[in-house]
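Chains G and E, in that order, are what the protein sequence lines are. Quick note on numbering: this note's numbering labels position 69 of the first sequence as 69, and the sequence is numbered without any gaps. Just add 1000 to wherever you are in the second sequence, counting from 1, and you've got this note's numbering.
Just so you know, the hints here were simulated from the structure itself, not pulled from any lab data. Be aware that a few hints might be false.
To be verified - Result set (EDC-like, lysine to aspartate or glutamate): computed pairs, CA atoms no more than 20 Å apart in a straight line: (1) E:Lys1108 with G:Asp191; (2) G:Lys11 with G:Glu23; (3) G:Lys103 with G:Asp36; (4) G:Lys195 with G:Glu104; (5) G:Lys103 with E:Glu1078; (6) G:Lys107 with G:Asp191; (7) G:Lys11 with E:Glu1078; (8) G:Lys103 with E:Glu1019; (9) G:Lys204 with E:Glu1078; (10) G:Lys106 with E:Asp1015; (11) E:Lys1118 with G:Asp151; (12) E:Lys1111 with G:Glu23; (13) E:Lys1108 with G:Asp151; (14) E:Lys1054 with G:Asp59; (15) E:Lys1076 with G:Glu23; (16) E:Lys1018 with G:Glu104; (17) G:Lys62 with E:Glu1045; (18) G:Lys103 with E:Asp1015; (19) E:Lys1017 with G:Asp151.
To be verified - Which residues of chain E face chain G? A partial, calculated answer using Cβ under 7 Å: (20) Ile1025; (21) Ile1033; (22) Gly1038; (23) Ile1056; (24) Gly1104.
Unchecked claim - Stretch by stretch, here's where chain G covers chain E in the computed footprint (C-beta under 8 Å, at least three residues): (25) 1057-1066; (26) 1084-1098; (27) 1107-1115.
Think of the CB as a built atom: it goes at the ideal place given N, C-alpha and C, for glycine as much as any other residue.
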Amino acid sequence: MSTTTATAPTKWWNGGRSPFNVEYGKLMMWYFLMSDAFTFGAFLIAYGTTRFAATSWPDPNKVFASYPLMPEGSHAPLVFVSIMTFILILSSVTMVLAVQAGKEMKKNTVAINLILTIIGGLAFLSCQAWEWTHLHHEGAWWGMNPFMNADGTQSTTGFTNFFFTITGFHGFHVFSGVVINCIMLIMTLTDKFEKRGHYLMIEKAGLYWHFVDLVWVFVFTCFYLI
Amino acid sequence: MEQAQVIHMDHPHTDVKKEIINVTIILSVLTIIELALGFTMMGIENQGTRLAIKGIIVILMLAKAFYIVGYFMHLKHEIRNLIMTIVVPLAIFIWFITAFLYEGNSYKNLKNRYDPYKVERSHTIVEKKESVKEAKKAE
């Protein structure tokens, strides 16, 4: 009767294997995303602190109430930003499908889903560019705030400074994500991954893209909803 | 270059597509609820109710984050050590958020109690400035 037939627990840290059971590049991408999460977190916390320290603040439903081709004089809060949020969520879904197709080594499905993700990213950037241009035409910019506080008192330029800085930093991440996805698409179409025998690079690009979507969830909630 | 050995753990094919669709639906529903709450909040003056709705929106936002990180970024299917590497610092981060919002709130209360200049400024109603558009229309 042997008592040593039980399977020994996996020794993760004894060398010869990845301790987290992921390839090196994927782990490093997670670590980078953590650092980026802290950066965005720091920005958003600074925004939150400033808002909590202010007696009053502009009402987002009065400031962000337009969309392209809107009829003159109408007021539609939350509409445009909802569209932007859904665009980004859907682009995340197509990215997941691309990664999944990569695991199944289906080159054409990967390419199609990457193209859809890139289109989603570009659509989001266009929407953000429109939002910025529209606000700027109303007199808003770094250092310029034409909006009053909700209670009628004089507002600070902190409102517009935070808005443009944080959405700008996020938009820069979306842009770099689109560039990375374009490079992934080219690598896919030139059979680079077929030759390697795996599509792990797409997985890493996927992690970055989902992070960008996740940050938008937080930014949109903090600026537009609460 | 030798790659460290990685054990691949795959789930069955059809399960994955279903999971993706389910998570997409969940994320969409959560977003729609958040937006609906945002709309309702516009008609509510009571500060207590507004704060409660904001709290619910934050909880929904965290639920969305859980689904995006767990399923889209695949973290739920990774081994526990990696999950903890991500989750533990973010749990500590929640304290960072709480501490600084508390700080901001305290600053506001102290300012309103002790700084007469700031108190006067924050209670002076200002005439709405003519926006650039309205100024152009008047020309």
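Subject >> Non-conforming hints, listed in increasing numerical order >> reply: 1, 3, 12, 19, 20, 21 and 23
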